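Engineer: Residue numbers (the numbering used here): 1 to 570.
Please note that a few of the clues may not be correct.
Below, a list of computed lysine-lysine pairs in the BS3-like style, where the Cα atoms sit at most 27 Å apart [claimed, not checked]:
1. 484 - 394
2. 191 - 311
3. 148 - 230
4. 187 - 78
5. 311 - 558
6. 187 - 300
7. 300 - 78
8. 77 - 246
9. 211 - 222
10. 163 - 187
11. 230 - 25
12. 90 - 187
13. 295 - 311
14. 92 - 484
15. 196 - 159
16. 311 - 190
17. 25 - 100
18. 296 - 311
19. 43 - 187
20. 292 - 77
21. 43 - 100
22. 147 - 90
23. 148 - 300
24. 159 - 187
25. 297 - 246
26. 222 - 187
27. 558 - 78
28. 187 - 148
29. 159 - 148
30. 90 - 78
31. 90 - 191
32. 246 - 291
33. 25 - 159
34. 78 - 296
Bear in mind the hints are in silico, worked out from the structure with no lab data behind them. If you're wondering where the values come from, they're calculated on a predicted model, not measured in any experiment.
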Amino acid sequence: MAYTPGGGAPVAGAAPISSQYCVCKVELSVSGQNLLDRDVTSKSDPFCVLFTENNGRWMEYDRTETAINNLNPAFSKKFVLDYHFEEVQKLKFALFDQDKSSMQLDEHDFLGQFSCSLGTVSRTPPGADSLESQQALGGHSQIVSSKKITRPLLLMNDKPAGKGLITIAAQELSDNRVITLSLAGRKLDKKDLFGKSDPFLEFYKPGDDGKWMLVHRTEVIKYTLDPVWKPFTVPLVSLCDGDMDKPIQVMCYDYDNDGGHDFIGEFQTSVSQMCQAHDGVPLELECINPKKQRKKKSYKNSGIIILRSCKIHRDYSFLDYILGGCQLMFTVGIDFTASNGNPLDPSSLHYINPMGTNEYLSAIWAVGQIIQDYDSDKMFPALGFGAQLPPDWKVSHEFAINFNPTNPFCSGVDGIAQAYSACLPHIRFYGPTNFSPIVNHVARFAAQATQQQTATQYFILLIITDGVISDMEETRHAVVQASKLPMSIIIVGVGNADFAAMEFLDGDSRRLRSYTGEEAARDIVQFVPFREFRNAAKETLAKAVLAELPQQVVQYFKHKNLPPTNLEPA
1 MAYTPGGGAP
11 VAGAAPISSQ
21 YCVCKVELSV
31 SGQNLLDRDV
41 TSKSDPFCVL
51 FTENNGRWME
61 YDRTETAINN
71 LNPAFSKKFV
81 LDYHFEEVQK
91 LKFALFDQDK
101 SSMQLDEHDF
111 LGQFSCSLGT
121 VSRTPPGADS
131 LESQQALGGH
141 SQIVSSKKIT
151 RPLLLMNDKP
161 AGKGLITIAA
171 QELSDNRVIT
181 LSLAGRKLDK
191 KDLFGKSDPF
201 LEFYKPGDDG
211 KWMLVHRTEV
221 IKYTLDPVWK
231 PFTVPLVSLC
241 DGDMDKPIQV
251 MCYDYDNDGG
261 HDFIGEFQTS
271 VSQMCQAHDG
281 VPLELECINP
291 KKQRKKKSYK
301 NSGIIILRSC
311 KIHRDYSFLD
321 YILGGCQLMF
331 TVGIDFTASN
341 GNPLDPSSLH
351 YINPMGTNEY
361 LSAIWAVGQI
371 IQDYDSDKMF
381 PALGFGAQLP
391 PDWKVSHEFA
401 INFNPTNPFC
411 SGVDGIAQAY
421 SACLPHIRFY
431 GPTNFSPIVN
441 HVARFAAQAT
451 QQQTATQYFI
461 LLIITDGVIS
471 DMEETRHAVV
481 QASKLPMSII
491 IVGVGNADFA
501 AMEFLDGDSR
511 RLRSYTGEEA
521 ARDIVQFVPF
531 REFRNAAKET
541 LAKAVLAELP
551 QQVVQYFKHK
561 NLPPTNLEPA
């Protein structure tokens, strides 16, 4: 078919942006003080879990690393959230003592929690930085950009968790530049009696309170005095508040299992200085131990930290790509297999009730009304599969529901709904439920778009289905191949069938593999069972269905090093 799913050639501008994506990002840094000690022979090994509220339920958002043997941890891992000014975003921070390697939280000892909301409506009043004044403000705290709050941790019964406190510092990531650093060490001091050191680095910036604030901690490199750390990337705002000349303190330690890490040395630098490392010219910085320096006149250093490269670039957002002219090319695939039931029968999933709707139409409306704002001509191909078509009644798994194979476009979501309703009396529901033809169909056009080598088109296939996939092996292979392309697949399951296979395709818990053993380049499938949203507002379904799409768009174009077309690069 000589057409492009989703419409004509890309245009310079983009359609109006839905307000749900007009957000800024906020980074939260967490530390704890005086935590409960749940271990008998040592101290607790705490980690922090952030929960966000979704439809009245607390859902895990992310978790920090574990701080070994430490009742006063400063976590290196940051929580980065989208801040929606029009919403009250409730947060809960819970700390646990890690006892096992299990991801299940009930396998770990609870150390206390704190709930609050993320917002800038009621800013922290002047002079409210002390714990006493903050406690006087009441329990309904709001985290404020570039502010810090300290609160007592509570047990499940709302009683204090001993003297445990949590400190949360928030910073708006308004500057979208990020910095990538590649570091190594040479001839670091030997700290282990029977071996070499196990070195790692910590990066600090000056906090508003005059204290050094942990920004990043590298991984530990075992048994070496000449470590090479993995390159890492952090927001420039996180590292230096966007100030290239702000001092950065770097500490080097020898890791010990008991948490009592041995100090090797330190140095101060700045982003301006680190930028001297480029184009294969490293920057060497002496690691100094002040105590040794004072004691020994002959002391030179405790080793050299080598900055192999320092690169600053922009971390583009979904909004950047949309404003840069990226079009979302939307295609609908509708399941017309016999398991849906006769559309004239009120029990059929394709039966259109007196209100003029059914679950298929509801899914089309929920997703399409959001997506159509991101396509300039709002012309969308709508395809069917699993039906026998006139006049010869052969089964097709890839047919235009308007019966025009050379021009399967429908005008907006209204056009899709009209074509869907009009085709029902003219086809025979059959089978099997094969997904791979329609996935490969859209993938062909996504592959053609990659020849432009610009961030101008991203393809979205919405498949609405009632049952188990018949060609699972072929579908897995098709999805793995599509994961290399500018393409995402949204599957909405209607009816009450067993959708375990759909969950399998949605690689949230593990990366999908083809029958050849090839692993998907990224997770591109989002599955949502419609039955969970039957009694919810249509906006709730749209939010669940489209939850992963923005990050999938950004992830693809970043991986291909494609900046937004009409935005100036950094």
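Engineer: State the violated hints by number, sorted upward, taking the hints as numbered earlier in the document.
Structural biologist: Per hint list: 1, 2, 3, 4, 7, 9, 10, 12, 13, 14, 15, 16, 17, 18, 19, 20, 23, 24, 25, 28, 31, 33 and 34 violated.
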